[in-house]
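Between the sequences and the hints, there should be enough to build the whole structure, so can you do that?
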Amino acid sequence: MPVMSTTKTERSAAAISAVGLRKSYGDKTVLDGIDLHIPAGSVFALLGPNGAGKTTTVKILSTLVTADGGQARVAGHDLATAPQAVRAAIGVTGQFSAVDGLITGEENMLLMADLHHLPKREGRRVAAELLERFGLAEAAKKPAQSYSGGMKRRLDIAMTLVGAPRIIFLDEPTTGLDPRSRHTMWQIVRELVADGVTVFLTTQYLEEADQLADRIAVLNGGRIAAEGTADQLKRLVPGGHVRLRFTDPSAYRSAASALREAAPDDESLALRVPSDGSQRELRSLLDWLEATGIEADELTVHTPDLDDVFFALTAGAEQPALSTEDVR
Amino acid sequence: MSSLSLAVRDSSTMLRRNLLHARRYPSMTLNLLLSPVVLLLLFVYIFGDVMSAGIGNGGTDRSAYLAYLVPGILLMTIGSTTIGSAVSVATDMTEGIVARFRTMAIHRGSVLVGHVVGSVLQCVMSVLLVGAVAVAIGFRATDATALDWLLAVGLLALVSVALTWIAVGMGLSSPNAEAASNNALPLMVLPLLSSAFVPVDAMPGWFRPIAEYQPFTPAIETLRGLLLGTEIGHNGWLAVAWCVGLAVLGYVWSTSLFAREPK
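Line by line, the protein sequences give chains A and B. Per the numbering used here, the very first residue in the first sequence carries number 1; after that it's consecutive. Per the numbering used here, the very first residue in the second sequence carries number 1; after that it's consecutive.
The reader is advised that the hints may include incorrect statements.
[As the list claims (entries may be wrong)] With a cut-off of at most 25 Å between alpha-carbon atoms, the simulated SDA-like pairs for lysine to any residue come out as follows: (1) A:Lys142 x A:Asp178; (2) A:Lys120 x A:Ala137; (3) A:Lys142 x B:Thr91; (4) A:Lys142 x B:Ser27; (5) A:Lys234 x A:Ala263; (6) A:Lys141 x B:Leu15; (7) A:Lys28 x B:Ser173; (8) A:Lys141 x B:Glu95; (9) A:Lys28 x A:Pro49; (10) A:Lys141 x B:Ala99; (11) A:Lys142 x B:Thr13.
Hints listed in this document are in silico derivations from the structure and should not be mistaken for laboratory results. Only a predicted model underlies this, so the values are computations on that prediction, with no experimental measurement involved.
This is the structure in structure tokens:
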């Protein structure tokens, strides 16, 4: 199993730690032994396809459901024995917005303030501040069900922040949002981190994990297939290459016979030459092409990205270097 | 904060939320009030003469039937108001907001307590409104003493609490609002099969035990006795026993459903 053996940072500083979390619904195993160690103040992304067990993991760690096996500590409290202490330390924004659509945005915020037992005056201040910060001040007096998807999600996060939680779970925070709202959400996450909050985020978007997370775990079929920084994960797959494309079939054939190490793609008349994309390797490749008189019509450099990692880890035996095209 | 004051504080926050819902969206509550009011007017003004003759008070005066009918209509009002509670509980459970509550360090029972207290207050409001209609069309409980009134109010409150807990259980066990309003229909239909409209004695023999021992009939007979001075007999104790039984059953059912792990 390609789990990265990383230098173990101090165990004591963990905001979230879990060992062997298991959960099944009926005879369907959703989580099959999950280990986590998330340092305080970091952003952790749990990446995986639909049905991988991401939401179940969040539900367990946020005390919504209990695990069938394994142990976990959140904010230093045991999930099984001190769920109420865990709840006092966390904030959760689920995949489906947890706002009360029948009341206004402001009333939603004040409801949270009351449930966090803030004094009236402070509750009003916090509510107004957060509504302002999330661009909801103008819509504050309108019922939440009239909000757009992006606004609902922002209200949802604003509500989560009323209690100033030190650990925040964001379950697919940008699923279903338009690109603009997605970028707003990313900005929000970055600001949270700047405040020292620990963020546990799930996503099915590789770019999102790449953009936001300090560490990423790829969850597949209820197990963590790999874990590490984005760079560490990218090194797991040998996806880097230079792609040479030809329009003339005879030029393609002669190049293919001259470049032995290249993987040919007869259909699109293209060659994939393994390369790490560095200037040095590119120069020597170009020099060599020049010297042998091969002239490609198009040259693209492809460095491995999380897509490659993702496909390699979740698609089983199929090799990404051969099966994926340069989609981006 | 002690756990009791936490419970009270969170429950009152939840109650405020539910009352806000009811105030902001009164249409459902008012719609549910429509049935008892329409039935009251229908039976008094359209069928009143016949019904009056039927209960043996001489054919011409429909006010005798009005007096007979109102206690049943008041209890029916409670039944139909609690349908609204079942619907709003079911709606609440399908919304993400309850999942949020479950991940917060609040008193666990406050969500349900807020619903129950809110629903009982709505029942009281509804009974007052329908009662006002009844008085407007000529209903008088002139013989009732202050104690009778007090007991009558107590009975109505007790029935409200009992039916609300049952309705909350129905709401929690329903997958969505539509299902909840169907599942809670017995709360509206049972009064039709009670002594609300005609005396049990006037029903076919095979049906009498059903009408006589279902929860609404003893409550109606008791209320009738308190307001109009008719014979209460064993119905008083029967009504209280039914209410306590239903309240306990509904409470246990609801809290165990709510404690069940969400999917």
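Status of each hint after checking the structure:
| no. | hint | verdict |
| --- | --- | --- |
| 1 | A:Lys142 x A:Asp178 | holds, 22 Å |
| 2 | A:Lys120 x A:Ala137 | holds, 19 Å |
| 3 | A:Lys142 x B:Thr91 | holds, 20 Å |
| 4 | A:Lys142 x B:Ser27 | holds, 19 Å |
| 5 | A:Lys234 x A:Ala263 | holds, 21 Å |
| 6 | A:Lys141 x B:Leu15 | holds, 21 Å |
| 7 | A:Lys28 x B:Ser173 | holds, 24 Å |
| 8 | A:Lys141 x B:Glu95 | holds, 21 Å |
| 9 | A:Lys28 x A:Pro49 | holds, 17 Å |
| 10 | A:Lys141 x B:Ala99 | holds, 24 Å |
| 11 | A:Lys142 x B:Thr13 | holds, 20 Å |
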